[in-house]
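Student: Dock chain D with the ligands against the given chain E, drawing on the hints supplied.
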Amino acid sequence: MLQNYFKIALRNLIRNKVYSAINIAGLAIGVASCILIFLYIKDELSYESHFDKADRIVRLVGEIDSDAGHEQFALSAPALAPALVKDFPDVEHVTQLARAGKQTVWYKDKRFNEDDLIFADSSFFQVFNYEMLAGNPAEVLDEPNTVVLSEKMAQKYFNSPAEAVGEIFTFSNEPYQVTGVFRDAGHSHIKANAFISRSTLDARLDDETRNNQWFAMSRYTYVLLHGPEEFDAFQAKMDAFAARHVNPWIKENDLSGTMRFVVQPLRTIHFDTNYAADLSPAGNISYVYIFAAVAVFLLLIACINYMNLATARSAKRAKEVGLRKVVGADRSQIIRQFMGESVFITLIAVMLALALVQILIPTFNALTDKNFTSGFFLQWEFLAILLAIVVFVGIVAGSYPAFFLSGFKPADVLKSDKAPRGGSAILRRALVVLQFTISLIMIIGTIVVFSQMNFLKNRDLGFNKNQVMVIDIPRGDSTLVKGLPRIKQELLSNPNVEVVSNTNNIPAEGMSKLLMLMEKDGQQVEKTMNTMFVDYDFLDAMGIKLSRGRNYSRDFKTDEKSALIINEAAAKLMGWTNPIGKRIQVMDLDAKVIGVTKDFHTKSLHTEVEPLLMVLAPESDGYLLARVKPQDMAATVNFIENKWQAYDPKHPMDYFFMDEHFDEQYRAEEKMLTVFGYFAGLTILIACLGLFGLASFTAEQRTKEIGIRKVLGSSTGSIVLLLSKDFALLVMLSIILASPVAWYGMNKWLQDFAFRVPLSWWIFAAAGCSAMLIALLTVSLQAMKAAMLDPVNAIRTQ
Amino acid sequence: MNKEELIIETENLQKKYITDTVETTALAGVDLKIKKGEFVAIMGPSGCGKSTLLNILGMLDSPSSGAFRFLGQDISKATERQRAKLRKENLGFVFQSFNLIDELTVEENIALPLAYLGVSKADTEKKAREAMERMGIAHRRNHFPQQLSGGQQQRAAIARATVSNPSLILADEPTGNLDSVHGREVMSLLSELNEAGTTVVMVTHSPSDAEYAHRIVNLFDGQIVTENLNVRRHATELL
Ligand SMILES: Nc1ncnc2c1ncn2[C@@H]1O[C@H](COP(=O)(O)OP(=O)(O)OP(=O)(O)O)[C@@H](O)[C@H]1O
Ligand SMILES: [Mg+2]
Numbered sequence: 000m001l002q003n004y005f006k007i008a009l010r011n012l013i014r015n016k017v018y019s020a021i022n023i024a025g026l027a028i029g030v031a032s033c034i035l036i037f038l039y040i041k042d043e044l045s046y047e048s049h050f051d052k053a054d055r056i057v058r059l060v061g062e063i064d065s066d067a068g069h070e071q072f073a074l075s076a077p078a079l080a081p082a083l084v085k086d087f088p089d090v091e092h093v094t095q096l097a098r099a100g101k102q103t104v105w106y107k108d109k110r111f112n113e114d115d116l117i118f119a120d121s122s123f124f125q126v127f128n129y130e131m132l133a134g135n136p137a138e139v140l141d142e143p144n145t146v147v148l149s150e151k152m153a154q155k156y157f158n159s160p161a162e163a164v165g166e167i168f169t170f171s172n173e174p175y176q177v178t179g180v181f182r183d184a185g186h187s188h189i190k191a192n193a194f195i196s197r198s199t200l201d202a203r204l205d206d207e208t209r210n211n212q213w214f215a216m217s218r219y220t221y222v223l224l225h226g227p228e229e230f231d232a233f234q235a236k237m238d239a240f241a242a243r244h245v246n247p248w249i250k251e252n253d254l255s256g257t258m259r260f261v262v263q264p265l266r267t268i269h270f271d272t273n274y275a276a277d278l279s280p281a282g283n284i285s286y287v288y289i290f291a292a293v294a295v296f297l298l299l300i301a302c303i304n305y306m307n308l309a310t311a312r313s314a315k316r317a318k319e320v321g322l323r324k325v326v327g328a329d330r331s332q333i334i335r336q337f338m339g340e341s342v343f344i345t346l347i348a349v350m351l352a353l354a355l356v357q358i359l360i361p362t363f364n365a366l367t368d369k370n371f372t373s374g375f376f377l378q379w380e381f382l383a384i385l386l387a388i389v390v391f392v393g394i395v396a397g398s399y400p401a402f403f404l405s406g407f408k409p410a411d412v413l414k415s416d417k418a419p420r421g422g423s424a425i426l427r428r429a430l431v432v433l434q435f436t437i438s439l440i441m442i443i444g445t446i447v448v449f450s451q452m453n454f455l456k457n458r459d460l461g462f463n464k465n466q467v468m469v470i471d472i473p474r475g476d477s478t479l480v481k482g483l484p485r486i487k488q489e490l491l492s493n494p495n496v497e498v499v500s501n502t503n504n505i506p507a508e509g510m511s512k513l514l515m516l517m518e519k520d521g522q523q524v525e526k527t528m529n530t531m532f533v534d535y536d537f538l539d540a541m542g543i544k545l546s547r548g549r550n551y552s553r554d555f556k557t558d559e560k561s562a563l564i565i566n567e568a569a570a571k572l573m574g575w576t577n578p579i580g581k582r583i584q585v586m587d588l589d590a591k592v593i594g595v596t597k598d599f600h601t602k603s604l605h606t607e608v609e610p611l612l613m614v615l616a617p618e619s620d621g622y623l624l625a626r627v628k629p630q631d632m633a634a635t636v637n638f639i640e641n642k643w644q645a646y647d648p649k650h651p652m653d654y655f656f657m658d659e660h661f662d663e664q665y666r667a668e669e670k671m672l673t674v675f676g677y678f679a680g681l682t683i684l685i686a687c688l689g690l691f692g693l694a695s696f697t698a699e700q701r702t703k704e705i706g707i708r709k710v711l712g713s714s715t716g717s718i719v720l721l722l723s724k725d726f727a728l729l730v731m732l733s734i735i736l737a738s739p740v741a742w743y744g745m746n747k748w749l750q751d752f753a754f755r756v757p758l759s760w761w762i763f764a765a766a767g768c769s770a771m772l773i774a775l776l777t778v779s780l781q782a783m784k785a786a787m788l789d790p791v792n793a794i795r796t797q
Numbered sequence: 000m001n002k003e004e005l006i007i008e009t010e011n012l013q014k015k016y017i018t019d020t021v022e023t024t025a026l027a028g029v030d031l032k033i034k035k036g037e038f039v040a041i042m043g044p045s046g047c048g049k050s051t052l053l054n055i056l057g058m059l060d061s062p063s064s065g066a067f068r069f070l071g072q073d074i075s076k077a078t079e080r081q082r083a084k085l086r087k088e089n090l091g092f093v094f095q096s097f098n099l100i101d102e103l104t105v106e107e108n109i110a111l112p113l114a115y116l117g118v119s120k121a122d123t124e125k126k127a128r129e130a131m132e133r134m135g136i137a138h139r140r141n142h143f144p145q146q147l148s149g150g151q152q153q154r155a156a157i158a159r160a161t162v163s164n165p166s167l168i169l170a171d172e173p174t175g176n177l178d179s180v181h182g183r184e185v186m187s188l189l190s191e192l193n194e195a196g197t198t199v200v201m202v203t204h205s206p207s208d209a210e211y212a213h214r215i216v217n218l219f220d221g222q223i224v225t226e227n228l229n230v231r232r233h234a235t236e237l238l
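Respectively, the protein sequence lines represent chains E and D. Okay, so the first sequence: first residue is 0 according to numbering that gives the first Met the number 0, each after it adds one. Okay, so the second sequence: first residue is 0 according to numbering that gives the first Met the number 0, each after it adds one.
In case anyone wonders, no lab produced these hints; they're calculated from the structure. Where hints are given, some of them may not hold.
Cut-off 27 Å, straight-line C-alpha distance, at most; resulting in silico cross-link-like pairs (DSS-like, lysine-lysine) [unchecked claim]: (1) D/Lys126 / E/Lys6; (2) E/Lys6 / D/Lys84; (3) E/Lys315 / E/Lys6.
To spell it out: a stretch of chain D is covered by chain E in this simulated footprint if at least three of its residues, at any positions, have a beta carbon under 8 Å from a beta carbon of chain E; those stretches are [to be verified]: (4) 93-100; (5) 145-158.
Ranges between beta-carbon positions, derived for each pair [to be verified]: (6) D/Pro44 / E/Leu346: 50 to 56 Å; (7) E/Met787 / D/Arg183: 44 to 50 Å; (8) E/Ser717 / D/Arg183: 51 to 57 Å; (9) E/Lys724 / D/Ala121: 56 to 62 Å; (10) D/Gly196 / E/Met787: 57 to 63 Å.
As the structure is a computational prediction, the values presented were derived from the model and not from experiment. No residue lacks a Cβ here, since even glycine has one placed at the ideal position from N, Cα and C.
With the rest of the complex left out, here is chain D:
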């Protein structure tokens, strides 16, 4: 496999949580390689470490041990500031509970990543508008998150995750709080993004959501137990 093509590469990634009395091993040696442009679904029973892995991949958390290279760069040596920089330039996050800032309007929420990137005011407006239009929420731009439905909130969250054209989108159960209609809507949005070239890593409990992925990684007790190519997806692509 060509190294250049890898966006994520982990070796023996471990994560232990030490609380007052007990030590929990959330990740017990994960080796994972994700190529640019891939759509990967992470599945597994509750508590097996899916979110932990995703957070580490998103540099929101750091591993207890093991190597993690992002675009070939060793992250274990990166400072907090460097991680923040990598995050804002390359990553977009989508969460199960949407996680929009309540005090900001939809448009302001979406524009937030651009503000941290130092994008000019005119460009920000333009990009935010495009993102909103793509997600079909432009008419709700001046609403506050509480005034939107769950599906609309998640679309706003995806708009925010994509507004800066990240190379990698990390999604933790993006459809978990949505009904099936809205869930499918979100999945097709992610799929479209992936087709446009964005790498997507998604945690999900739903086999039907996993259908959208190229590859499914099954996690159990903090370890990868199986990795399978999504045959149907490959089959359609081969057609």
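This is chain E alone, in the form it adopts within the complex:
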């Protein structure tokens, strides 16, 4: 019997090539997209999962509530680790990391700027089990001045991991011996090129910081517990801990606010809210949901195609159903047959989808910045998912036609003159409307997303990000800083270099907050505020405008000691109507405000401009900014490169452009949204495939009517109109249904941005028009074919 079903299914497939192609292509594209999305989501959700003890590790993050508001830091104090060990003897391990950031690394005659260097202690590898390519994880970081390299970094200097061990690297003027090499596989919020023994760093701490300076937040603290069931109890213990140690200390030292340690399970870090100064930016879980939804939509639309075409064509299968019943098939057998058929077709589609995925993986990798290989084909987990897809799609797509077809009464369908109508036209229309509603939501989403991204890039940031070359000034080299006025002068000798400035920070980099006393109603009140250290030319180099007062000037000798510039947001925070002359005490400065800048963005447009203090510090390291003219850019950049390398031959030069750097903030988001755009396109493609099939079915059904109309003198155009009208109405209905849903969803997405494009009517109109256009094009193609037929042939076919 199975053989019989199989033959029938196959022969039907071959006999109805167009329908089969539409069904199989639609399903294959849907399934292939699903597989790719599945890979993507799985990858996104795989953070930390490669650590054996991932489910037992928590991080302690600091939350401070004070007049300045609620602040969250990924960091905690060095004092936390020894205190935890003392207070909680049953905790297996406490380990702390500290960022070493970017350093110039010396090895023999090789020099590289290495980023993502992290200080760790000897217990780190006990908590986080990295695969070691060389060295014993239990002891690699025991000794001071040791370093464990990532495989990637080791490859840069050595031929094999074993070769690295014992070699000496120098950075920050200290020698470090390589004791091991780890494999950097899997996603983690800890991205390290090397782990450096922290003892050198610890030795430099003063007693106060080591024991009870709770606000000296410079460490990432991880605790290995026994399991997730312990997390809640541990949070309670940490609250008691803060009450016992930290908050009394805050009072004793006349500081304001209260502090709390939040227990953050390791596995949740990637998708948790952004904590200040985290090791890597948080991911956005909503994108995972969006992609999952897109995958379901794609499959659903492909299933609807199958259902629609199968029922539309049911007249052709009705006789077979009737006959099978006549010879003794009962309904359940017929249902099984058609379900089996759809599972069979799905199976073919899945095979095709696998081939498609195989072909698309490189493109998908390029698109998503990921590194998928087809190795996953053989994982049981994947095969199980695949099987689930086959069964799910086969049953979802097959059930309606199966129940519909199996319900035929043989007595009705075997009457040779009257074939039953092809299923419920209303249901089919409803399904088409559903398809187009989904497609439209995705088109509208895509348009909104891209106009928002465009808006972000083109919005006036309050500074001019274009034409600014940024050179990294290696930190901790005082001679470099001392010579800055000289090199600036040298660079300015090129007429294409307009302004040169140095600053400790630039937009799109993490800002540091400082505690200060600010004048409020004749009193000095405590505030913490973002602070930058800039020189006289910073505002010019950045193209930042003043709204009040004046810029720092070399003509005023007192500026360095007693003048400060703030932004408008800071003035607003303090409620100063005339900020000029207001007193601010910060670090060892006791100064007056001399200027207020217009607000400019130092972070992505997801957030509002925050209050900012710009302190004059002509000798700060960090970045050298050179605003250059657009003409002869390459030559100018080359000139600056040569000058800088001559000035600082000790470090490899690192430079970039401000605009690219700023836009980099949106890169991950943009990538994701581009992928979304592609899938939106596919959704429409599959929906149109279905529409094409339905249109050709309708045209076929109405061939006779068309013929008669033509005989009676109807033009081709009016016949196309006749056939397209129905579908146009359906698309119209979809537009009406999709608009509010899309509006709601996109509005919600836009809430994530402090600055956003308005959801104007033209977006909906454009989406609606394009969907209508695509649909009509698809339908009229079929209608044309029917309308152009010789009327004689048309009438005779019946």
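Tutor: Frame of chain E, contents of chain D with the ligands only:
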């Protein structure tokens, strides 16, 4: 009359079709008894309910009211599944328009009832071959229905109807789409089957076809108006 001998027994069988606006009475109280081994022809003008009656007898349709016993079993209480079972075990159908499945070959069409009966592969092959040989279409076994002439198609349909040795064959105008030569051929095939013990109930418009039957039931407006024994047939049998 001995009850055991009855294969079909209906009492006041009614069938009404209710469409959007009108109610059509296709059968208005039919009492019919058919004995095992009989050959019955149902005749009557177009639209009088012949096909409707045959479909109900074949359990392809259910009556609106009235009793229908098949081999003594009350069918009005049977479930869809039980009817399907009775159908595949006892009935064979022949239609005016042949009704072969286009996507299956002649042999596959003929073997189909056996598949639903769960007959083994070897037995299926054997029985299908026998049926094809009986009907003289064995050489066409691998052809698709469209590749056969009408007469060949009808012989294939009869082969399919008989392959499982049903006790009752229902034929709705089996010669309606055939020329007289092929028509006679089909009639003699049905006749042979009947002689071998199969009960045959046939709807026909053709008096000459009706000649093959033992008994002719005349239907008019959904009711049996006359039932007559086919004298000639009985006469030959008596000889
Ligand atoms: N599915 C149906 N719905 C509504 N009315 C029906 C249906 N099937 C049959 N009828 C009506 O029932 C009556 C009997 O139909 P039936 O097909 O049994 O006639 P018939 O005697 O077989 O005619 P013919 O000799 O033309 O085949 C007719 O009036 C017909 O219109
Ligand atoms: Mg009839």
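Student: If a hint holds in the structure, say so; if it does not, say that too.
Tutor: Tested hints:
1. D/Lys126 / E/Lys6: The hint holds at about 20 Å.
2. E/Lys6 / D/Lys84: holds, 24 Å
3. E/Lys315 / E/Lys6: Holds: E/Lys315 and E/Lys6 sit about 16 Å apart, inside 27 Å.
4. 93-100: With 6 residues in contact (Cβ-Cβ under 8 Å with chain E), the coverage given for the region 93-100 of chain D holds.
5. 145-158: Violated, because only 0 residues of the region 145-158 of chain D bring their Cβ atoms closer than 8 Å to Cβ atoms of chain E.
6. D/Pro44 / E/Leu346: 50 to 56 Å: 53 Å Cβ-Cβ, so the 50 to 56 Å window holds.
7. E/Met787 / D/Arg183: 44 to 50 Å: Because 48 Å falls inside the window, the suggested range holds.
8. E/Ser717 / D/Arg183: 51 to 57 Å: Roughly 53 Å apart at Cβ, these two residues keep to the hinted range, so it holds.
9. E/Lys724 / D/Ala121: 56 to 62 Å: holds, 58 Å
10. D/Gly196 / E/Met787: 57 to 63 Å: Holds - the Cβ-Cβ distance for D/Gly196 and E/Met787, about 60 Å, lies within 57 to 63 Å.
Hint 5 from the list above is the single one not met by this structure.
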